[in-house]
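Asks: Below are the chains, spelled out letter by letter.
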Amino acid sequence: MPRTLFDKIWEQHRVTTLDTGEDLIAIDRVFLHERTGSVALKSIVGSGRKVRRPDRVFCTMDHVVSNAADRDRNSARAPGGDIFITATRAAARETGIHLIDVLDADQGIIHVISPELGIAQPGLTLVCPDSHTCSQGALGALATGIGSTDAEHAMVTGTLRIRKPPQMRITVSGKLAKSVTAKDLALHIIKTFGAAGAKRCMVEYAGPAIEALSIEERLTLCNMAVEFAAFSAVIAPDETTFDYLKGKRFAPDARWDAALSHWKTLYSDDDAGFDYDYEIDSADIRPTVTWGTSPAQAAGLEDVIPAGTDSNQRAMEYMGLKPGTVLNSIGIEGAFIGSCTNSRISDLRLAADILRNRKVADGVRAICVPGSTAVRRQAGEEGLDAIFKAAGFEWGTAGCALCFYAGGETFAPGTRVISSTNRNFEGRQGPGVRTHLASPAIVAASAVAGRICAPGELPDVA
Amino acid sequence: MSREPFIIHSGIAAPLILDNVDTDQIIPSREMKTVSKSGLGDGLFAGQRYIAGREPNPDFVLNRPDFRGATILLSGENFGCGSSREHAVWALGDCGFRAIIAESFGEIFYNNCVRNGILPVQLSQENIAGLHRMVTINLPEQTVNNIAFDICEGDKAMLVGGLDIIGLTLQNEADIDAFETRDAGRRPWA
Ligand code: SF4
Chain R
1 MPRTLFDKIW
11 EQHRVTTLDT
21 GEDLIAIDRV
31 FLHERTGSVA
41 LKSIVGSGRK
51 VRRPDRVFCT
61 MDHVVSNAAD
71 RDRNSARAPG
81 GDIFITATRA
91 AARETGIHLI
101 DVLDADQGII
111 HVISPELGIA
121 QPGLTLVCPD
131 SHTCSQGALG
141 ALATGIGSTD
151 AEHAMVTGTL
161 RIRKPPQMRI
171 TVSGKLAKSV
181 TAKDLALHII
191 KTFGAAGAKR
201 CMVEYAGPAI
211 EALSIEERLT
221 LCNMAVEFAA
231 FSAVIAPDET
241 TFDYLKGKRF
251 APDARWDAAL
261 SHWKTLYSDD
271 DAGFDYDYEI
281 DSADIRPTVT
291 WGTSPAQAAG
301 LEDVIPAGTD
311 SNQRAMEYMG
321 LKPGTVLNSI
331 GIEGAFIGSC
341 TNSRISDLRL
351 AADILRNRKV
361 ADGVRAICVP
371 GSTAVRRQAG
381 EEGLDAIFKA
391 AGFEWGTAGC
401 ALCFYAGGET
411 FAPGTRVISS
421 TNRNFEGRQG
431 PGVRTHLASP
441 AIVAASAVAG
451 RICAPGELPD
461 VA
Chain S
463 MSREPFIIHS
473 GIAAPLILDN
483 VDTDQIIPSR
493 EMKTVSKSGL
503 GDGLFAGQRY
513 IAGREPNPDF
523 VLNRPDFRGA
533 TILLSGENFG
543 CGSSREHAVW
553 ALGDCGFRAI
563 IAESFGEIFY
573 NNCVRNGILP
583 VQLSQENIAG
593 LHRMVTINLP
603 EQTVNNIAFD
613 ICEGDKAMLV
623 GGLDIIGLTL
633 QNEADIDAFE
643 TRDAGRRPWA
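Just so you know, the protein sequences line up as chains R and S, in that order.
Numbering follows this note's numbering, with no gaps: position 308 of the first sequence is 308.
If you count the second sequence from 1, you need to add 462 to reach this note's numbering.
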């Protein structure tokens, strides 16, 4: 019987089917961060239980760590945040799991470093008490976000109890236009389907436009699957994936060939059935920015904000916008490049290309925080940091930073921020802060123009 | 580690009829001040529940006299979407909530509820609109007042029994051991 990629991974990990109708699924990797992982680890220790396979559990510090250049191992960006760091460090030591600590060369945002270090691999099951774990489906892993109790469950039992979700395939035909990035594709899909549109499905992205994406672009696309209520997203591994993983710190080494021949079996068979099967035409996708407080409230840069429903009305009130306003006429006071959506080296190169020999507009506070210490190092070697700083960007050390408000530093209430992140919820970046989600290219161009702006609209530099 | 079983519950139902109430709203990140599962109730809906100086916002539903002591929350589509923070459920539990009735739920939030003895009930918009102040939920019968609802057997058993999910799964330890041995032969790199 023809099977989907997801069917194959699911079957390979099914320990047993429980009489409740759930499957007991073996979990290959658990990833934790200091914000939610600390509770899970402490609770295991407190209950007298044990982590079954500590060698399969990884933990980093990204959410509340300071992003200052001179941070030390306990510096937090919010008052009281240091307790999460110290408690996580202590619990990680006690349980013997891998700890990638604040000042380590491999530190960074969990969904950035997991691929970077080869922890996420095709066909593995990987969970983390963090909703953007779906990013890592970009490598062909079954990767999903869970709660803290389920994280404890995965660490103690090596499994999770899950009802197998329905499946959806989204085929993207044709070829993305040059000005269209993976972020635009993600926003276009969420806007098309709605914030609850993936209906708890495992979403497989397929088609020529997906195959043409780099791993970093695939990570951006899969990152936002949770924003339209997907169980997770996955992309069949291919040569791009294998090339990317080769030589990574935790990738198979001596057993590379065996792993590779297994990975090559991980694709959806020709006649495999999906509960929902959709096609999107690349030709319909344009650079896209959100105007509301849900990632689905998005439109093309030259489009106007639609009138309509109650929730649109409420969103517009929060955002201080009116229906009929053209998106690229809206002035901004803040710009942020960072987060697990768009803070990898390709994102920084794209933004730096736009910022070279240009300056951030007066009255705009612009910040760039690389997604990992390795990305920051690489950017330094390529001289990108100098370009950002010369343009007037602040240049932080790796972590989640202004992707979410942790209680410390933020923009002032009411500030309108163009941001390369994944959530524009009310208060997400700080009380009253108004977030517009966009690609790093649009963030960079908008920072220069002082309004929402596509790179192509900027005057040439002399 | 077991929880209070959920059998029949009658209580005040507070309407927060909005779509996409995300976990950042249920408990803002800045309110997650402890490395522990308890003591989070004060931060529940903090963004809307308080006005300057942390005075209660009289307009917010949970501060209105007729909904004080509510144990059931009514909402719209995609309740609990967004961040996976289980703190959202711990905060609801800390404030005495036993059930959430909504049109649909964020996936992780739904599971988090079940793991913590809070019943998530999915009903149509019409049926939710028809519920007034006092509501009775019968989980074994799967009814809200007299309206039937669906829930998967596993989740129901967990809630009715007040079971600890980890302890439950550890009963399958022999299966897990056998799987790991088989798997180590099949996927030695993994
Ligand atoms: S960067 Fe933002 S979305 Fe990503 S893990 Fe950190 S807080 Fe979550």
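No lab work stands behind these hints, which were simulated from the structure alone.
Errors might be hidden in some of the hints.
[Stated by the list, open to error] Dumping the calculated DSS-like pairs for lysine-lysine here, alpha-carbon to alpha-carbon at most 25 Å:
# : chain 1 : residue 1 : chain 2 : residue 2
1 : R       : Lys322    : R       : Lys191
2 : R       : Lys264    : R       : Lys248
3 : R       : Lys164    : R       : Lys264
4 : R       : Lys164    : R       : Lys199
5 : S       : Lys499    : R       : Lys50
6 : S       : Lys618    : R       : Lys199
7 : R       : Lys199    : R       : Lys178
8 : R       : Lys164    : S       : Lys618
9 : S       : Lys618    : S       : Lys499
[Stated by the list, open to error] Here are the simulated distance ranges between beta carbons:
#  : chain 1 : residue 1 : chain 2 : residue 2 : range
10 : S       : Asp645    : R       : Asp277    : 23 to 33 Å
11 : S       : Pro527    : R       : Gln378    : 13 to 23 Å
12 : R       : Lys50     : S       : Asp645    : 14 to 24 Å
13 : S       : Glu588    : R       : Thr86     : 28 to 38 Å
14 : R       : Trp256    : S       : Asp645    : 15 to 25 Å
15 : R       : Gly174    : S       : Pro527    : 54 to 64 Å
16 : R       : Thr86     : S       : Ala591    : 29 to 39 Å
17 : R       : Gly174    : S       : Ala640    : 20 to 30 Å
18 : R       : Lys246    : S       : His471    : 49 to 59 Å
19 : S       : Ala591    : R       : Pro431    : 23 to 33 Å
Model, not experiment: these values are computed from the prediction.
Where is the CB? At the ideal position from N, CA and C, for every residue including glycine.
Asks: If you test the structure against every hint from before, which numbers come out violated?
Replies: 7, 11, 13, 16, 17
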